[in-house]
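Student: Just need the whole structure built from these sequences, with the hints factored in.
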Amino acid sequence: MIRPALLATALAAAGPALATDVTFEVSGIEAPGGHILVVIYDEASFLKKPLKAARLNPVAGGKVSGVFRDVPEGTYAISAIHDENDNNKLDSNLIGIPTERYGFSNNPSLWGAPKFSDAKVSVAGGTQHFAIQLR
Amino acid sequence: MDRRQFLFASLAAAASPLAMRGAWAADTYADAFHQATARDRWLRAYGGIDHDVAAPSLRIEGRIPAGLRGTLYRNGPALFERSGIRYHHLFDGDGMVQAFRFTENGVSHEGRFVQTPKFLAEQAQQRFLQSGFGTALPGLPFATGGGLDRANVANTNVVVHARRLMALWEGGSAFELDPVTLATRGPVTWRPDLKGMPFSAHPKIEPDGTMWNVGAIPDSLAIYRIAPDGTLAQAEVLKVPGLVMNHDFAVSRDHLVFVLPDTRLDLDKLRAGRAFLEALAFPPDAPMKLLVVDKADLRQQRTFELPPGYLFHFGNAWNDGAGTLRFDYVHHESAGVLMDGLPGLMRGDAASMPPRSAVSMQVAVDLASGRVRTAAMKDVVEFPRVDPRVVGQRNRHLWLSTGMGKGLGTLMMNAVLRYDVESGKRDAFRYEPEALVEEHVFVADRASTREGAGWLVGCAYDVAYGRTSLNVFDALRLSAGPIARAWLPYGLPPGFHGNFEAA
Ligand SMILES: [Fe+2]
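As you go down the protein sequences, you meet chains H and E in turn.
Once you know that position 6 of the first sequence is -2 in this note's numbering, the rest is easy, because the numbers rise by one and skip nothing.
Each number in this note's numbering comes from the position in the second sequence (counting from 1) with 102 added on.
Just so you know, these hints were derived from the structure itself, not from any lab.
One or more of the hints may lead you astray.
To be verified - Part of the chain H face toward chain E, derived, beta carbon under 7 angstroms: (1) N85; (2) L86; (3) I87; (4) T91; (5) S101; (6) G104; (7) R127.
What the hints assert, rightly or not - Think about it this way: if two alpha-carbon atoms lie no more than 30 angstroms apart in a straight line, the pair counts; the simulated DSS-like pairs of lysine-lysine are: (8) H:K107 with E:K297; (9) H:K40 with E:K297; (10) E:K220 with H:K81; (11) H:K112 with E:K371.
Computed from a predicted model, the values in this text were never measured in an experiment.
Ideal placement from N, C-alpha and C gives every residue a C-beta, glycine not left out.
Tutor: Put into structure tokens, the structure is as follows:
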């Protein structure tokens, strides 16, 4: 049995109040090279300025996972790209079609520019996990 | 990552499995089609084929002309079903390239599937792994972050340029093949920043060897100019607001010519998991836009109006030297063939196929005044071709496929036709009434430089016999009938387009 005082200590050690660890798993990786770049945004920063970013080694044919720690409660969108040539961006060809694989939280349809509302997820309490499929 | 880079993610689909729940169960195309083949035997030609074929020596009736030496390459969709699922649109079948080789020893045939990544992956698993242009399969994307190449079926045309044999689609890369073995070498990337771009199935090769091609995505049109030696000379992207897709175009000495039907794409339907075809709409009675681009400066563009309708194909275009641009295209009254006819064909529902109405339209554009004159020919036609020696220049002859007589001839094509566009005279040959006639290709007789001197070659599927013939005509005397017929020991699904490479 855990006494109330100990429980309070355990909660305090978990970090600032109402902050969450957001874990993610990226699947659909095909090539071995480069890095998987995973970025979390809020609505104001969507596709403009990452709040947090992770850079992971790809596992061809497999999945990679990671964590964004201490994310305040709120609404977010996570994007993942496979930056195969390590230039830190999603490459596109001359007509504007991305030439590297990418995906979003919620795994929305990628027809047309994804909107924040298509990819948004709620973060509140404890640990939260999201799976992103690269396409 | 910036937002702009996702604007073209419109070519990147990720179908939601939930949105398409139940679609497998509702798939009735395969059963409906196979039941219909008992009633309409001609449908068997569209049953498809699931393996490569070869016949080293075809049985020949008549005599192959001594000057006709080389290879006729053809392409078309050929595999339509896996694990009991049948595609809903003819355009979705995997491309199979045919090579008919004319030598001193006769005529041989070989047919091989283009080994696209899609085909290879689906062969390995013996099931479909991609949705198609006209077929949404539950949970299976049509395209991905990298564009449409993952769905590329390389099934529309096959062309030789600078000794490079390429199987062509419309929404993605050309696939290079070995001209001798037909083995697939892989997608062609003309320049690193052009990777995965749409490269249409209707490039135009001018008499000097310059190859022009285009590729369309919504609101943008890529223009490619490939030098006679096969190297990329130019690639530009034009903004064309409202553009959704583009199948063919024409080149004249001075211009690139496009006819753009008013086309709407409903992105919400795509996002909800519907097929690309199902997200298309064509407002009735909307004029088509004629877009004329200056070859010397692609930013110089003019637009004109053409009557409401739809089109797939152009014959030729030329500048008359007095300020008039002339061209011809095959004018459909509507997009009915695309939207209803070919889905109807795939489920064997001939009654739902709209009566064929397409006619050859001869157009003259007075570039100074903007006046556009059109004149429609009478025959119901498709697949216009000209002598390759006059591409972009004044042409006198135009070869087409047509449907004649009653019965199957009202629904499909069973005849070939030549117009003398100067005199208005026509020269036609009708195959056996129960025949399915493909595009026929003009082959120049190099013993002459005269336009039209040569042969017209093409395939016809004999419904009663269940076999395909390859036919050779004197190109200026179609009505005399074929001078030679080479019979395959099997039937082939009727294909789309091809070209002849002289030995
Ligand atoms: Fe075509």
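Student: Are any of the numbered hints broken by this structure? If so, which, sorted upward?
Tutor: none
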